[in-house]
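A.B. asks: Assemble the complex: chain A is given as a structure, and chains B, C, D and E with the ligands must be docked to it using the hints.
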Amino acid sequence: MSPEPVAGATVPGPDPIGSPSGPLLDIDDLAVEYRSRARGAVRAVAGVSLSVGAGEIVGLVGESGCGKSSLARAAVGLTAPHAGTVRFAGRPVTPVQWAKRPAAEVGLQMVFQNPYASLNPRRRIGDQIADGLPAGLSGERRRQRISELLDRVGMGADTAAKYPHQFSGGQRQRLAIARALAGEPSMIIADEPVTALDASSQAQVVNLLVRLVRELGMGMLFISHDLALVRQIADRTAVMYLGKVVEVAPTERLWSAPNHPYTRALIDAVPTISARPELPAVLAGEVPDPANAPSGCRFRPRCPAAFESCGHEPPLVPIGDRASVACWLSTNGETG
Amino acid sequence: MTATTIEPAAGEQPAARRPRVPTLVRFLAKRIAITIGLLWGVTVVTFALVHVVPGDAATANLSEQALNDPAVVAAYRAKWGLDQPIWLQYLHYLQNLLHGDLGTSQQTGRPVLTDLVQYVPATLELAVPSMILALVIGTAVGMLAAVRHGRASDQVVRVGSLLGLSTPPFWLSLVVLYLFFYLLGVSPSGGRLSPQFAPPPSVTGMYTVDAALAGQWAAAWDAVQHLVLPVLVLTCLTVATLIRFVRSAMLEVLQQDYIRAAYAKGLPTRTVLGRHLLRAGLVPVITVSGLAFASLLSGTVLVENIFGWPGLGQYAFRSATGLDLPSILGVSLFVALVYTVVNLLVDLLYGLIDPRIRLS
Amino acid sequence: SAGGDAGSAGGSTLTIDTSFVVKSLDPGHVYEATGNTAVHAMYDTLLTFHGSDMTKPQPDLATSYQASADAKTFTFHLRKDATFGNGDKLTADDVVFSLNRLRNLKASPSVTVANLTATKTDAYTVVVHAAKADPNVPVILTQPYTGIVNAKLVKEKGGTDGADAAKTDSAQKYLDGTSAGSGPYLLDSFDASSQLVLKANPKYWGAKPKFSRVVLRNMDVQNQKLTMSRTKGAELALDLSGTMLEGLPKTLQQSSADDTFYFLTLNADPKISKTTSNPAFVQAVRAAIDYTGVAKLFGGNASPAAGVVPPAFPGALPASEAQHQDLAKAKQLLADAGLHDPSVKLMYPSITYRGVDLGTIATKVQGDVKKAGIKLVLDPQPLTSFLNAQQSGKVAMRFSPQSLNYPVAASLVNNLAPGQGTAATTGWTVARADKAVVAAGKKVQQTLDPAAQQRALQDWQRLLNQHSPYIPMAYNSGVVVASPALSGAVYAPAGWQVDIAAVGTK
Amino acid sequence: MTEQSERTVTEPTGTEAPPAVDLTDRRVRRPLARRSWLRRLRGNGPSRPLWRQPLTVVSLAILVGWLLVAALAPLIAPYDPLAQHPATYLPPSGAHPFGTDELGRDILSRVVYGARLSIPLALIIVALALAVGGVLGLIAGYLGRFVDEALMRLTDLVFAFPQIILAMAVSAAFGPSTRNAVLALVIVSWPVYARVIRSAVLTVRGEDYLHAARLLGVGPVRALRRDVLPNSVGPAVVLATLELGNAVLMLAALSFLGLGPRPPAAEWGAMIALGSHDLSKWWVSVFPGLAILTVVLAFNILGDALRDRIDPRYAKGR
Amino acid sequence: MSALLSLDRLGVTLPGDVPVIHDATLHVDAGEIVGIAGESGSGKSLTAAALLNLLPAGSRVSGSARFAGEDLLGLDKAGWQRVRGAGISMVFQDPTAALHPMLPIGRQLTEHMRRHLGLSKSDARARAVELLDQVRIPDPERTLRSYPHQFSGGMRQRVAIAIALACRPKLLIADEPTTALDVTVQAGILALLSQLRDEIGLSVLFITHDLGVLSALTSRTYVFYAGRVMETGPTGALLSAPHHPYTAALLGARPHGAAGVGALRPIPGSPVVPGQAPPGCPFQPRCTFATADCATAPPEPAPVGAGRLSACPVAPELEVLA
Ligand SMILES: Nc1ncnc2c1ncn2[C@@H]1O[C@H](COP(=O)(O)OP(=O)(O)OP(=O)(O)O)[C@@H](O)[C@H]1O
Ligand SMILES: Nc1ncnc2c1ncn2[C@@H]1O[C@H](COP(=O)(O)OP(=O)(O)OP(=O)(O)O)[C@@H](O)[C@H]1O
Ligand SMILES: [Mg+2]
Ligand SMILES: [Mg+2]
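Protein chains in written order, with my numbering: chain A, 9 to 344; chain B, 2 to 361; chain C, 10 to 515; chain D, 13 to 330; chain E, 306 to 627.
Bound conformation, chain A alone:
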């Protein structure tokens, strides 16, 4: 495999905090494995390389169970990776265990999928946000900072004294974002932050996130299974299948000219609104159990274009500007 770290941002932002040369978040050949008595070893992430630059939004899409969350949690340091490295601003991310998280890593934050579970139901909003503020802050400064953060996510300052159950899902997700901002992050990993929300709240939260990233010049890895949503906000999009990234490309290019048959199938499966009813295209089969991944190209059993080369695993190779694909069809010369 020859992952090529692709750096750069479509929208210019402030320089990355760490090493100015490399990307802000650099995931290199990451693997995550679960061992369960029932299924044996499950390789949920099987060697993924991906990087996100400052001010850049990278979307990560894929079917359920393909390892998106596992990747996110390992990237942020919630689980120890089985192999590979994650670098944030140039320094390796240490998994959060017994020790307190090093201050330098607090700039890497995460927004979780379920807004109902990601806020402590028994603590006031203000206290939870204050977790991320420097310990030396005086009471007054602290209050001020909390209302600033709440204001940023469009919630009133009086929110600080309330408890999470007093808010709707969309509001909670905004509060969770405010809490993440308390760590003054330069990079946010958002794992399906709007999946649990109503269409209308979805729009609110997504708008907020995108605005913040642009305003604060942060980087964001935005994970979702909703292609249309990712298309709307991401600068680049990575497509994951069964623990591997099969294609990365600038979003519009990915939509207009997908290089991987799987990407194509995913896009075709999205129902669209049109005057005449038009059924989305069907991709046969479903994601295999990662505990039992097919040999060679993992997509081979479902691929309409599979041929004999597919018995070998295709590497992720760059094809043009900031785009890579892992498919023998593309690597054998042709692009697109």
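Mixed in with the good hints there might be a few duds.
In silico DSSO-like pairs for lysine-lysine, Cα to Cα no more than 30 Å straight-line [claimed, not checked]:
1) C:K141 / C:K65
2) C:K219 / C:K65
3) C:K451 / C:K81
4) B:K80 / C:K380
5) C:K166 / B:K80
6) C:K451 / C:K403
7) C:K182 / C:K81
8) C:K283 / C:K380
9) B:K80 / C:K65
10) C:K81 / C:K219
11) C:K176 / C:K161
12) B:K80 / C:K305
13) C:K379 / C:K305
14) C:K217 / C:K161
15) B:K80 / C:K384
16) C:K161 / B:K80
17) C:K280 / C:K141
18) C:K141 / C:K176
19) C:K380 / C:K280
20) C:K182 / B:K80
21) E:K475 / E:K382
Reference excerpt, derived from the structure (chain D facing chain C, CB under 10 Å, subset only) [as the list claims (entries may be wrong)]:
22) P98
23) D160
24) E161
25) A162
26) L166
27) S211
28) T215
Note that these hints are calculated values from the structure, not bench results.
Even glycine gets a Cβ: it sits at the ideal position worked out from N, Cα and C.
C.D. replies: Just chains B, C, D and E with the ligands now, with coordinates in the frame of chain A:
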């Protein structure tokens, strides 16, 4: 279990299960190891407990005048190995235990195993019918209450089961004795059999069964009559817990979509409740019935004492107050064994009823 | 239902209800009440008592005996027609084996015979030697544990009368399942927890007992009362006493004898307690107790105590001398001794004895002495812990029932006199004791003439009431309650409660 | 009793964690999360306020009544509960509504004073057991690994003894007294709390809010105090309420066997034991029995109501 | 041609006097796939539940509901047992929850067939195999012996559809049958339903909140809000030119097409809580076009074009809403 697809067009099929035997064997091996560890823990705790007590078995088992004679005391202590250091006594006990020898009871002078063989059936004769009754009634009534959730009958059941939970077992025993024996005279007093009957030849150790096997119908009927009150009390105690549990388990199941789906298919209520609800509600019931059985055994201590029932509960009580170490250890080991075996059965049954569960 | 009509079953089953713990039916080991009752029916002894008359041992296996003047040698002449249950003849060998085995087993009952050695002169003559003079040897030889076993059979089953019998004898297991005696009954079945069944010995040498089958069943007191209230058959209850007798149908027969006393023991060792070792305190407690009230708690035939010898035995003080409460005297005694608000822990076994919860009595005592300004803190202990603490001699004040080791009042002296068994655990040494008490005790033991001994006993008791750490409070009786049709159901204060073989129908 | 009864259902069977349901197939998770939360918002239990449920109100009244009785015992009791009187075993009458016992003591007064023992002792037992079990459960759940394993085996060990027999043995071993009875009951009842708290902690350990706090640089100890503890004690507190009734029962059982508070204390179980010697004096046992029954019933109903409210999961019953 | 299902001013009040559905008028013709759309909590599922008498105990239903000439609201217990499964059947949102986890699929697939169709055990089994074939499940024989957990979500939903189709119902109610599934799997289910309509003339009442799905599958759509029908009409026309501000708002909030910050337009405010609906139009507090009139009385749906009704009196005057 997630299925695997190889055929592009074929969708998927249930993946072949990996061979199950090794899983089961591993599971059993682990459980047996845990059980052994548990039993060992029981011996340690009991031994320690008995030895922190001021006074030893000699005081409990020799007459007062004999205690004044050092020679007699020394002879006794030597006979039971009480003159050895405690760790040696313990090692000795373990060694015998490995050979299946539980030692000799100081209060009955018989091998503890013999005592257990005698007392356990008497207790089972109480516990098993109580458990079965409690299970049947508990499941039926609990299910009824769940189905009629919120209505008057549900409230009645709820209050009734709370009452059952709140009644002191020894008091209930006295009350039923007072009512049915003293006032009404419809039931026999205590014991397992009226004196005019000789205990039937021992096959199972349970008088009802043995008498029936021997064709002694009058004795069998008499034994059944003696069972009624204590079984009633034990059932009352257990059924309350079960009803509560079944009720809430069934309530939870009733909210599941698959019950709505079953109705939506046009199945009659009888089928939905009897097949779909019962099947799913039974899983938690099995869990709790394992615990309920353990508590039932525990409940027999008081009940047996009041009804003069010569079972394990009385034996345990006398062993504890007489500081009869081998007997206490024997009873504790037995109960711990029952506890683990029941739990094991519960887990196995679980796997049998619920296909989603694998032994791991 | 309960009681049943034994008459219809051939008229031959006698039911005896008792709450029992029977550890052994081997005469060499037996010592609990129920065991004694059963062993008495299965094993003949050299001598015996009939009914409730404890004045003089009567012939049993021995047709006659002679005691030497120094009370050290006793010669017994055996009857020649006695046979064991299996048909073997009973000879002097069996007697010698049985008595020596009993002594050498060093089990609970061995203590009483530790002083004795049996030898035979011929096949039907046995001589028992006492190492220390003891005029009560004939009485001891009425006790069930001196029952004569079939020596040949018991030896076959591992029995021995050797000096090392305590270690090597292994016949107990056999004897717990099979009787090897010459008594009117044989053991049919024994279930340590529920019942013990006797059947008539077809080869019994004496008069055939009336009942061919006897069931002793384990039953708590409550149920005994209820069962007896309804019984229609031949049935006895052994544990009904005191208050439990109230409300029983008038048709039932009762037979009783006051053979137990309940007493407080106050430690005389100042190291254990400054308070209890103060004689004035003891006397104050003695004066503060409401003896009639305590006796009433036992109900039935119980009576306030006069001394330590229960009325069932010759040598008891007359009822007219019963102690009585005198609070003014108690307060005076305390004041004179300069004891203000004394407080003592009273330890007692938390058991129910003869239908009375000892805690109730202790509470009553606590209430009584409080009126005199004495504070008692109750300290109930499980029986084992109580016995252990008592044995240690470190208990300041304790309360327990006491009965005689064997049915001679003088045996109490062996136990209660300064420096002896009970006294030793009470810190009452000869040095601490009043000279007169010591002398009076000696006199009891040395007097061989029964009438004179009884007078000496009474004098000794009067002195105990003034100078001892014992406060006897009440006498209580053992009672046999029998269904109306029975005859011969007499309470025997002799250790075996009732002579089963003597029970018949009217 | 009971209850070993008393074991909880959060951990179905003693010796081992229940065989895992293979729910790793999480394809259908997304909408589920939304649904279940909606459901919780809508509520599925009796969501009426406590004071609108007649049963709960009645039980609360009973309990408050008993607490008043305990507090005001000297004012309420017509006689000194320890005062002996020569007229014994008087059946219920105007002068002695509940009759008198074998020492002529007024049973009503003793029942009244009994509340001063049973209710506070039950509270102490449960509080101690909750404290001991809570701390151990918290440690086991948070530290995991062999600490957890060892603690769980220890709870198994306690569970493997029938509660009453173990309590009897402990109480007999150290001699009957109030302190030892409390000790014995704490020893047999702490594992339930340890298990409940442990499993609650295990749940919280997987919660995103804990992760979020750790990601913000909160140290493990602070997280334990702020995030784990407050979210784990809920079930245990609910359980404790339910266990109060059980503690009253167990204490009475020990007393009944002569292993509880020493005489002449007016303890209900011991009073029943006195009456049990003679069924014909039914009033001696019946009234203290009814006292136990009402107190325990009130505790149980309240615990039940509290459980339904606080934690719908616990509506499972035990 | 008379409609297969027709609801006229159906109202549902939940226990505790919580009105949740108001005056829902709706019809489904034979062989037609009709959609119901709306935000979460708008009463879509309750409408479906009312059609099968699966409402929470103590709910009250008003108005009329006729199915194949029969008055549903007048049915007795036996009548409902007859209609359920054989007349109207249902597919639930979450196939994992809707299949009994402890009964083999064969059992769940045949038990109601034997009852409704009076089939013998073997006949029912034969039909079950046929059905599984129809919903494109490979190896039906083996599937019959398997349990739900042995299948993926998509397969489970196919099984659930097979169960719903077993007694040849005339109407299938599908309550968000694809919400729990991945887009790729969803496409398969949509294709299946569409094929079934073509092959066996199945009528479907399809509930979803995904407008894209509606567009792909249904011929007509009802848009629900706060238990009321806001707008109805042929799906294509309705979605391309909405005549109700709510429909327009729904369309605006969903991602559509090319990138750009602010391309998503959230609906301001939050949905109505049942029982606390404002007077007048329930959408009025969130509506950008609301006038004072909107707060007086709930507007009646009025015709706004070919086969279209809108409950917004202002709508016809607005040019383009989307
Ligand atoms: N803690 C765990 N233990 C065992 N297996 C796990 C664990 N977490 C995830 N897996 C497995 O790893 C694989 C990837 O899971 P992951 O949650 O990363 O997927 P995902 O892409 O985030 O899916 P979704 O879209 O459903 O969130 C799945 O097969 C899942 O079953
Ligand atoms: N059992 C119930 N008890 C009380 N209220 C209920 C109940 N079921 C539903 N509701 C309420 O009725 C309203 C309509 O619910 P319904 O389930 O029909 O919505 P829906 O449109 O299907 O939403 P979703 O998209 O979330 O499935 C909701 O506000 C809900 O809170
Ligand atoms: Mg995920
Ligand atoms: Mg719905």
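A.B. asks: Indicate, hint by hint, whether the structure satisfies it.
C.D. replies: Evaluated hints:
{"no.": "1", "hint": "C:K141 / C:K65", "result": "holds (21 Å)"}
{"no.": "2", "hint": "C:K219 / C:K65", "result": "holds (26 Å)"}
{"no.": "3", "hint": "C:K451 / C:K81", "result": "holds (17 Å)"}
{"no.": "4", "hint": "B:K80 / C:K380", "result": "violated (50 Å)"}
{"no.": "5", "hint": "C:K166 / B:K80", "result": "holds (19 Å)"}
{"no.": "6", "hint": "C:K451 / C:K403", "result": "holds (27 Å)"}
{"no.": "7", "hint": "C:K182 / C:K81", "result": "violated (34 Å)"}
{"no.": "8", "hint": "C:K283 / C:K380", "result": "holds (21 Å)"}
{"no.": "9", "hint": "B:K80 / C:K65", "result": "violated (38 Å)"}
{"no.": "10", "hint": "C:K81 / C:K219", "result": "violated (39 Å)"}
{"no.": "11", "hint": "C:K176 / C:K161", "result": "holds (20 Å)"}
{"no.": "12", "hint": "B:K80 / C:K305", "result": "violated (44 Å)"}
{"no.": "13", "hint": "C:K379 / C:K305", "result": "holds (19 Å)"}
{"no.": "14", "hint": "C:K217 / C:K161", "result": "holds (25 Å)"}
{"no.": "15", "hint": "B:K80 / C:K384", "result": "violated (44 Å)"}
{"no.": "16", "hint": "C:K161 / B:K80", "result": "holds (25 Å)"}
{"no.": "17", "hint": "C:K280 / C:K141", "result": "violated (34 Å)"}
{"no.": "18", "hint": "C:K141 / C:K176", "result": "holds (26 Å)"}
{"no.": "19", "hint": "C:K380 / C:K280", "result": "holds (27 Å)"}
{"no.": "20", "hint": "C:K182 / B:K80", "result": "holds (15 Å)"}
{"no.": "21", "hint": "E:K475 / E:K382", "result": "holds (20 Å)"}
{"no.": "22", "hint": "P98", "result": "holds (7 Å)"}
{"no.": "23", "hint": "D160", "result": "violated (37 Å)"}
{"no.": "24", "hint": "E161", "result": "violated (36 Å)"}
{"no.": "25", "hint": "A162", "result": "violated (33 Å)"}
{"no.": "26", "hint": "L166", "result": "violated (27 Å)"}
{"no.": "27", "hint": "S211", "result": "violated (38 Å)"}
{"no.": "28", "hint": "T215", "result": "violated (44 Å)"}
Of the numbered hints given earlier, the model fails hints 4, 7, 9, 10, 12, 15, 17, 23, 24, 25, 26, 27 and 28; all others are met.
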